[in-house]
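Each chain, written out:
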Amino acid sequence: GQNIDQPTEMTATEGAIVQINCTYQTSGFNGLFWYQQHAGEAPTFLSYNVLDGLEEKGRFSSFLSRSKGYSYLLLKELQMKDSASYLCAVRDSSRGGSYIPTFGRGTSLIVHP
Amino acid sequence: DVKVTQSSRYLVKRTGEKVFLECVQDMDHENMFWYRQDPGLGLRLIYFSYDVKMKEKGDIPEGYSVSREKKERFSLILESASTNQTSMYLCASSPGGVQPQHFGDGTRLSIL
Numbered sequence: 004g005q006n007i008d009q010p011t012e013m014t015a016t017e018g019a020i021v022q023i024n025c026t027y028q029t030s031g032f033n034g035l036f037w038y039q040q041h042a043g044e045a046p047t048f049l050s051y052n053v054l055d056g057l058e059e060k061g062r063f064s065s066f067l068s069r070s071k072g073y074s075y076l077l078l079k080e081l082q083m084k085d086s087a088s089y090l091c092a093v094r095d096s097s098r099g100g101s102y103i104p105t106f107g108r109g110t111s112l113i114v115h116p
Numbered sequence: 058d059v060k061v062t063q064s065s066r067y068l069v070k071r072t073g074e075k076v077f078l079e080c081v082q083d084m085d086h087e088n089m090f091w092y093r094q095d096p097g098l099g100l101r102l103i104y105f106s107y108d109v110k111m112k113e114k115g116d117i118p119e120g121y122s123v124s125r126e127k128k129e130r131f132s133l134i135l136e137s138a139s140t141n142q143t144s145m146y147l148c149a150s151s152p153g154g155v156q157p158q159h160f161g162d163g164t165r166l167s168i169l
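From first to last, the protein sequence lines stand for chains A and B. Just so you know, we're using this note's numbering here: the first sequence kicks off at 4 and counts up by one. Just so you know, we're using this note's numbering here: the second sequence kicks off at 58 and counts up by one.
Sample of chain B residues facing chain A (criterion: CB under 8 Å; computed from the structure):
| id | residue |
| --- | --- |
| 1 | G97 |
| 2 | L98 |
| 3 | G99 |
| 4 | L102 |
| 5 | L147 |
| 6 | V155 |
| 7 | P157 |
| 8 | F160 |
| 9 | G163 |
Hints listed in this document are in silico derivations from the structure and should not be mistaken for laboratory results. We treat Cβ as the ideally placed atom computed from N, Cα and C, and that holds for glycine.
Generate the whole structure from the sequences, applying the supplied hints.
What follows is the structure, encoded as structure tokens:
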């Protein structure tokens, strides 16, 4: 089975940097996704990590440590529009042949002026 | 751009009704998924399909069934709707391999 943990809610100030953590336990790790979901909208893909290290994509970066079962999403130069839920999803090859991702409960980020 | 379309944004049904939620994707993806999303519980997988006429149970399949007669369409069926099935239902699709999922806008279903 899998256990994926994220903080429930975080708040930050416009222009600041925020780090959203995700820890997981899985027997057949095969990649980790981050998605962004604005209220009332569909989740949209942000990043994918399968090897250790940092992946940078504009203001957003995602880090993975497989040995620690740990990832974080780093958001720089926060904007009001970054207020959303951020979902961590882990793929586990032991779950079945299709490598289905399992989602954490999501972190609600509130950016205030 | 990938488009995943769910037939309704909002739906209200009565207890005991048979309910159909439809999902269509336009990118020839092999994999399709149905999730429900509830406050504090996140996205939970109900069923998925990796090919036409193929289906696999997810984490919470009880009370649901699915149908995939054509590659682009994946239907979720509530055989006899109950109030605890009131939720946001999200459909997703993905190609094979390590590609991310693409989600529809969701159907907010209320069972009265």
